[in-house]
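Protein chains in written order, with this note's numbering: chain A, 6 to 309; chain B, 6 to 309.
Derived by calculation from the structure, the hints in this document are not laboratory data. All values reported here derive from a predicted model rather than from experimental measurement. Idealized CB from N, CA, C, for every residue including glycine. If a hint is listed, it holds; no wrong ones were tucked in.
Partial list, derived from the structure: chain B residues whose beta carbon lies under 10 Å from chain A:
| # | residue |
| --- | --- |
| 1 | L9 |
| 2 | L41 |
| 3 | G58 |
| 4 | F191 |
| 5 | V254 |
| 6 | C271 |
| 7 | G275 |
| 8 | A277 |
| 9 | P278 |
| 10 | A286 |
| 11 | D288 |
| 12 | L290 |
| 13 | G291 |
| 14 | T293 |
| 15 | D298 |
| 16 | E302 |
Calculated from the model, a selection of chain B residues having no Cβ within reach of chain A, i.e. all distances over 12 Å:
| # | residue |
| --- | --- |
| 17 | R45 |
| 18 | Q82 |
| 19 | F124 |
| 20 | T160 |
| 21 | A175 |
| 22 | L200 |
| 23 | R211 |
| 24 | P218 |
| 25 | P234 |
| 26 | R247 |
| 27 | G265 |
Given next are the chains, with one letter for each unit.
Protein chains: 2
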Amino acid sequence: MPGLIECVPNFSEGRRPEVVEEIVGAIGQIDGVTVLDHSRDETHNRSVVTFAGNAENVVRAATAGVGRALELIDMEQHVGAHPRIGAVDVIPFVPLGTSRIEECVDLARRFGEQIATRFELPVYLYGEAALRPNRKRLAHVRRGQYEMLREEIATNPDRAPDYGPSKLHARGGAVAVGARKPLIAFNINLRTDDLALAIKIANTIRESSGGMPAVQAMGVLLENPGMPPMAQVSTNLVDWQRTGIATVVREVRRLAREAGTEVDHCELIGLAPTGALLEVAADTLGLTDFSADQALELRLARDR
Amino acid sequence: MPGLIECVPNFSEGRRPEVVEEIVGAIGQIDGVTVLDHSRDETHNRSVVTFAGNAENVVRAATAGVGRALELIDMEQHVGAHPRIGAVDVIPFVPLGTSRIEECVDLARRFGEQIATRFELPVYLYGEAALRPNRKRLAHVRRGQYEMLREEIATNPDRAPDYGPSKLHARGGAVAVGARKPLIAFNINLRTDDLALAIKIANTIRESSGGMPAVQAMGVLLENPGMPPMAQVSTNLVDWQRTGIATVVREVRRLAREAGTEVDHCELIGLAPTGALLEVAADTLGLTDFSADQALELRLARDR
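My request is simple: use the sequences and hints to build the entire structure.
Okay, here's the thing in structure tokens:
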């Protein structure tokens with residue numbers, strides 16, 4: 006699977022299922038692209054589509070999705086809980102398989118330039134693809150949202166787009182295009198209802214409070230009907246090659262034991278890179294000289 | 006990767022590298038087939054080629070390999086330590102990805118019939134593809150080897166081939182064609198030089214002496230220059246969906262601890278089905294509701 010790329014566009018429409026289906030359909034009809042997932046949120050009035058393929062096909066599919074969204078979504082009518090600047094709010098490219106983040110950075114920039122021209126759409130590069138350092142953070146790009154950007158884009162040089170006109174698209178607003186590494190959403194459930202402990206462990210392990218690199222974490226209390234409440238350390242691993250699943254679980258296990266409890270079980274939310282899971286197996290077994298190439302189907306997929 | 010099949014033919018030539026290269030080349034030139042490995046053994050005067058692809062391409066490649074071997078190998082001249090009945094001695098088909106063993110059984114039978122006709126070659130079906138119960142075991146099919154089979158094939162009804170003439174191929178002899186599940190070669194190294202303990206643990210876990218189903222095991226002593234000798238439990242897992250890696254390692258760890266020692270590390274020899282490795286990760290993490298479909302690249306490969 007050389008050059009395999011994932012793309013996860015977010016669309017500012019979560020209340021009209023037929024519109025979301027139209028957009029997903031426009032993406033999925035491109036040959037060589039697999040739609041892995043799509044979800045729709047009424048409160049946020051927002052949808053997320055996950056698809057993958059090689060660079061060329063992913064760009065074709067993303068372009069088709071943008072085109073359809075600009076026809077079907079009018080930002081002047083949009084309200085919702087989630088911050089947004091456009092009908093297609095954000096388009097990250099993510100390296101899978103043997104692809105590298107650098108390829109996704111290049112791809113995001115080329116794609117951004119293309120759609121800016123084609124659709125007369127202001128494009129902001131964010132994440133690893135950012136051209137201005139303060140645009141690395143999506144929150145900075147999106148500050149004040151659609152409504153404030155509409156006022157500032159032409160007058161404030163700090164808000165000039167990287168590509169496209171310094172004027173919002175009539176219905177579609179603007180878009181943030183970027184590159185990031187695959188994100189693993191991973192939860193560790195403790196054998197206790199002690200929410201304070203889950204919060205304390207989350208604070209200890211997360212990067213933002215001095216913990217492990219590339220780890221985001223928060224403590225929550227799971228309350229499912231008919232089940233005893235359970236404290237959970239909910240994590241996002243944003244660069245598993247820096248800090249992997251096994252390392253995080255080992256540390257949470259240690260901290261839980263120090264506090265007199267145990268890890269009960271874990272949950273993987275959605276998809277994860279196969280390499281991140283194989284690393285757990287290799288770590289557990291103390292495999293010497295293990296390579297992901299020893300996983301048969303993966304090796305074959307890579308050679309095709 | 007729908008319908009992905011592995012094929013592991015064994016050829017009775019291990020001393021002329023140029024002949025082995027010719028055969029590997031004939032297999033590898035078929036589009037859609039990936040040669041994963043090939044090895045050559047001078048003592049056994051025998052080579053093993055591992056390749057994979059979809060059923061149609063694997064059959065084309067296996068047929069090309071048989072054709073080339075029948076041209077280049079003369080069983081009347083062959084001597085070697087390993088039991089054999091023909092120039093292409095044995096051809097197993099193995100299900101990978103989402104393929105099932107039943108597909109490989111069908112494939113082995115169709116392929117066996119085809120090459121019997123095409124090359125006038127006696128074909129014996131073995132393993133899961135066997136039509137006669139006592140031919141399940143390859144050793145039974147191969148008893149007395151090439152030399153005895155040459156005498157008995159026409160006269161002993163018990164040795165009549167499943168397909169093809171009751172007369173050996175002039176230079177190529179006969180071939181055993183079969184189906185089996187993927188085999189995992191997996192070693193568990195103990196933190197001791199106590200060979201007797203490794204043998205005792207192997208005897209406890211292996212199916213043949215009343216241990217775990219689909220597990221073969223033996224105890225050996227590793228002696229590498231410059232390293233202290235290390236006792237090893239060397240295993241073959243012949244059906245990881247019945248007894249997987251995690252189960253075997255857990256049991257060996259328990260038995261080692263009972264004897265006052267520990268598992269030092271493990272070794273995976275060659276390739277293993279990705280599912281067997283993901284199962285170890287899911288087991289370690291106590292993942293609830295885990296599916297191999299959550300491994301991104303694997304899911305994508307499956308959908309293509």
